[in-house]
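The hints should help you fit chain U with the ligands onto chain Z, whose structure is shown.
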Amino acid sequence: MPFVEQGLVVRHNQVSRDMWELEFIAPAIAPEALPGQFVHIRSALGINPLLRRPLSLYDVDKKLGSITLLYKIVGTGTNLLTRIKTKEYVDVMGPLGKGFSLPPKGKRVVLIGGGVGIAPLVYLARVLSDRGYQVKVLHGVESRRQLVAFDKMRQIGVDFMPSTMDGSAGFKGLVTELLQKKINPSEVDYIYTCGPEIMMAAVADYARERAIEGELSMEEYMACGVGACLGCARKLKTDDESYVKICKDGPVFPLGAVELLG
Amino acid sequence: MRNKETLIQDQEPELSVNLGGLIMNNPVAVASGTFGYGREYEDYVDISSIGAIIVKGTTLTPRPGNPGPRIVETPAGMLNSIGLENPGIDVFLNEHLPYLQEHRCTVIANIAGNTVEEYAELAARIEGHRGVGAIELNISCPNVKQGGLQFGTDPELVFQVVNAVKKNSTLPVIPKLSPNVTDIVSIARAAQAGGADALSMINTLMGMAVDIKNRKPLLGNIFGGLSGPAIKPVALRMIYQVYREVKLPILGGGGIMNLNDALEFMMVGASAVSVGTGIFVHPRLAVDIAEGLKEWMQQNNISQLSEIVGVATH
Ligand SMILES: Cc1cc2nc3c(=O)[nH]c(=O)nc-3n(C[C@H](O)[C@H](O)[C@H](O)COP(=O)(O)OP(=O)(O)OC[C@H]3O[C@@H](n4cnc5c(N)ncnc54)[C@H](O)[C@@H]3O)c2cc1C
Ligand SMILES: Cc1cc2nc3c(=O)[nH]c(=O)nc-3n(C[C@H](O)[C@H](O)[C@H](O)COP(=O)(O)O)c2cc1C
Ligand code: FES
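As you go down the protein sequences, you meet chains Z and U in turn.
Position 49, counted from 1, in the first sequence is what my numbering calls 1075; the numbers after and before it change by one each time, with no gaps.
Position 125, counted from 1, in the second sequence is what my numbering calls 831; the numbers after and before it change by one each time, with no gaps.
Chain Z with its partners taken away, still in its complex shape (with noise of 0.2 angstroms):
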């Protein structure tokens, strides 16, 4: 059941030139929340800006009850949200959306990240290998200095494979010309993606060509964020009849579900 709760802040700072890692005490929210799931939260008080905004459950400890985000500033709200301290209050509304599935037991999964689409993939892969999957990550960013899912990965311990598009670390190039070039596909079972809609447009190819079955989590600007205002609808498909919230029918649907603007 989805909560609206002040979240006390236990830590909050900046990750890289423009990214920030938000953890706060969520007793009502933490336990409940699984991976794919998204938090909608007040970046300020008073009334500019007014609407929540969504962001991904990007690390949740169930032993703290805490839940951590991973904002990029892009807007008015992110800018905001980085003036909120620690041992103040952050007015948090959820777990909402529908999350992540997990495949059947001992299927290979390959996590594929673009930028801050990472958020969602960590507290996945921490789910998935604790449970015991063999979970490989790949994460395309610009510079090394957004590696910012590095140490988590790592503790973790899942296999993690960087690339970036100056070759200062890992792979030099796209992350789906990572896929492409360094992962055996007779060794995948199961994708998870998350990030700009191009790249997902480009996994959800490759997966297709190669009948892998997978998921991938979207985005829309959102008011309500649990269904009751249908500001969020989109068609999955371009002749589809019907429109689906993507707060409510999702975030996440299968890679095969829908048609990227690739």
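Certain hints may be false.
DSSO-like cross-link-like pairs, simulated, lysine-lysine; straight-line CA separation at most 30 angstroms [said to hold, decoys possible]:
hint: 1; chain 1: Z; residue 1: K1131; chain 2: Z; residue 2: K1274
hint: 2; chain 1: Z; residue 1: K1263; chain 2: U; residue 2: K919
hint: 3; chain 1: U; residue 1: K922; chain 2: Z; residue 2: K1274
hint: 4; chain 1: Z; residue 1: K1261; chain 2: Z; residue 2: K1274
hint: 5; chain 1: Z; residue 1: K1162; chain 2: Z; residue 2: K1113
hint: 6; chain 1: Z; residue 1: K1133; chain 2: Z; residue 2: K1178
hint: 7; chain 1: Z; residue 1: K1261; chain 2: U; residue 2: K922
hint: 8; chain 1: Z; residue 1: K1098; chain 2: U; residue 2: K919
hint: 9; chain 1: Z; residue 1: K1098; chain 2: U; residue 2: K953
hint: 10; chain 1: Z; residue 1: K1088; chain 2: Z; residue 2: K1198
hint: 11; chain 1: Z; residue 1: K1263; chain 2: U; residue 2: K872
hint: 12; chain 1: Z; residue 1: K1098; chain 2: Z; residue 2: K1207
hint: 13; chain 1: Z; residue 1: K1133; chain 2: Z; residue 2: K1263
hint: 14; chain 1: Z; residue 1: K1198; chain 2: Z; residue 2: K1098
hint: 15; chain 1: Z; residue 1: K1133; chain 2: Z; residue 2: K1162
hint: 16; chain 1: Z; residue 1: K1088; chain 2: Z; residue 2: K1178
hint: 17; chain 1: Z; residue 1: K1178; chain 2: Z; residue 2: K1207
hint: 18; chain 1: Z; residue 1: K1261; chain 2: Z; residue 2: K1178
hint: 19; chain 1: Z; residue 1: K1133; chain 2: Z; residue 2: K1111
hint: 20; chain 1: Z; residue 1: K1098; chain 2: Z; residue 2: K1131
hint: 21; chain 1: Z; residue 1: K1261; chain 2: U; residue 2: K919
Residues from chain U that face chain Z, not an exhaustive set, calculated with beta carbons under 7 angstroms [to be verified]:
hint: 22; residue: E746
hint: 23; residue: D749
hint: 24; residue: P775
hint: 25; residue: R776
hint: 26; residue: I777
hint: 27; residue: G913
hint: 28; residue: A915
hint: 29; residue: I918
hint: 30; residue: P923
hint: 31; residue: G926
hint: 32; residue: P939
hint: 33; residue: Y946
Listed next, with one range per pair, are the computed distances between beta-carbon atoms [unchecked claim]:
hint: 34; chain 1: Z; residue 1: K1263; chain 2: U; residue 2: E748; range: 50 to 58 angstroms
hint: 35; chain 1: U; residue 1: N724; chain 2: Z; residue 2: I1224; range: 29 to 37 angstroms
hint: 36; chain 1: U; residue 1: E808; chain 2: Z; residue 2: G1101; range: 57 to 65 angstroms
hint: 37; chain 1: U; residue 1: D889; chain 2: Z; residue 2: P1057; range: 53 to 61 angstroms
hint: 38; chain 1: Z; residue 1: T1108; chain 2: U; residue 2: K1000; range: 32 to 40 angstroms
hint: 39; chain 1: Z; residue 1: D1192; chain 2: U; residue 2: I918; range: 41 to 49 angstroms
hint: 40; chain 1: U; residue 1: R943; chain 2: Z; residue 2: P1057; range: 21 to 29 angstroms
For the record, the hints were derived by calculation from the structure and aren't laboratory data.
Beta carbons are placed, not taken as given, at the ideal position from N, Cα and C, and that holds for glycine.
Chain U with the ligands only, in chain Z's frame:
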């Protein structure tokens, strides 16, 4: 201890209101299109304790709605161009209404048509269904190209629609006025002449926003309806004008975010209020305001809401 309790009981203020025949347990409703069919918010609030749930606008046949983006945030508000996405009247009556009835909610149906006949037909379909307490007429939805706007901006059409619905319904009929008009009072008078039992005001103000990077309108539908605190001053002004000229109870709303906002609406003439966009921020907003109102009345020695309705218009 006992004395104190009786004292408080003696002073218990009366929160219930009669809105043109609809009895509400408290004067705070949730606005159409912002609360779905109630179920969407059941985890956050006891929906039966809400003054009235005005459900999502319903048309005769299902509507898929507009292409996205459908919403964009603007200073102290938001634009929406949902395009009246809804499953149609039959699905509302058969699948959503029973749930609301089970939970003993006070329900106001919100209907929208493309012709006078469609409004009349919608009212007839609702007639006899237990669980609907009143009908709100959306004659002001700015999103739908064929219907909506024309009705709410032409006094003659407003008269016809209200009149046709009244003929087919025994429920209180509450036209929801569009603010996108030059003379709101003439529209309100037409609604009254048509037989309206109360007035709901205001619906969203038509607006737009531009995506500078891509050099095109931000909303898929180009125009959208502005809601939230940005429209509150306009709503207050229009309710003030109508309250002084038309003797119908008013369900006032537009940008209400807290108790003080609600009090402003009442003081310019609203007998009851609705919260919409504010719910997206505070899912419990309607019940929180109702509880706050009760305390405020106690503190100010007010036993009946009628003591404050319209006080700022004298
Ligand atoms: C389910 C979900 C999970 C997410 N998880 C994360 C996460 O973990 N980390 C993360 O960093 N981000 C995440 N996001 C994205 C995040 O919600 C946005 O980046 C954030 O809301 C931006 O808020 P802002 O106020 O900073 O920017 P805004 O000021 O709201 O907008 C940023 C830019 O978008 C433009 N814009 C605003 N509205 C529209 C519109 N309707 N259509 C087109 N353009 C528009 C603005 O003009 C501006 O240029 C997620 C989104 C969703 C839906
Ligand atoms: C997302 C959204 C959907 C709406 N849908 C409807 C609708 O279907 N029918 C209607 O009469 N009004 C609709 N409205 C208007 C609201 O009911 C309300 O009149 C308006 O938003 C002003 O109040 P507010 O500022 O409190 O939101 C909608 C508003 C929003 C924001
Ligand atoms: S954000 Fe309101 S329905 Fe998805």
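Could you check the structure against the hints above and give me the numbers of any it violates, in ascending order?
-> Those not satisfied are hints 5, 9, 10, 11, 18, 19, 20, 27, 28, 29, 30, 31, 32, 33, 34, 35, 36, 39 and 40.
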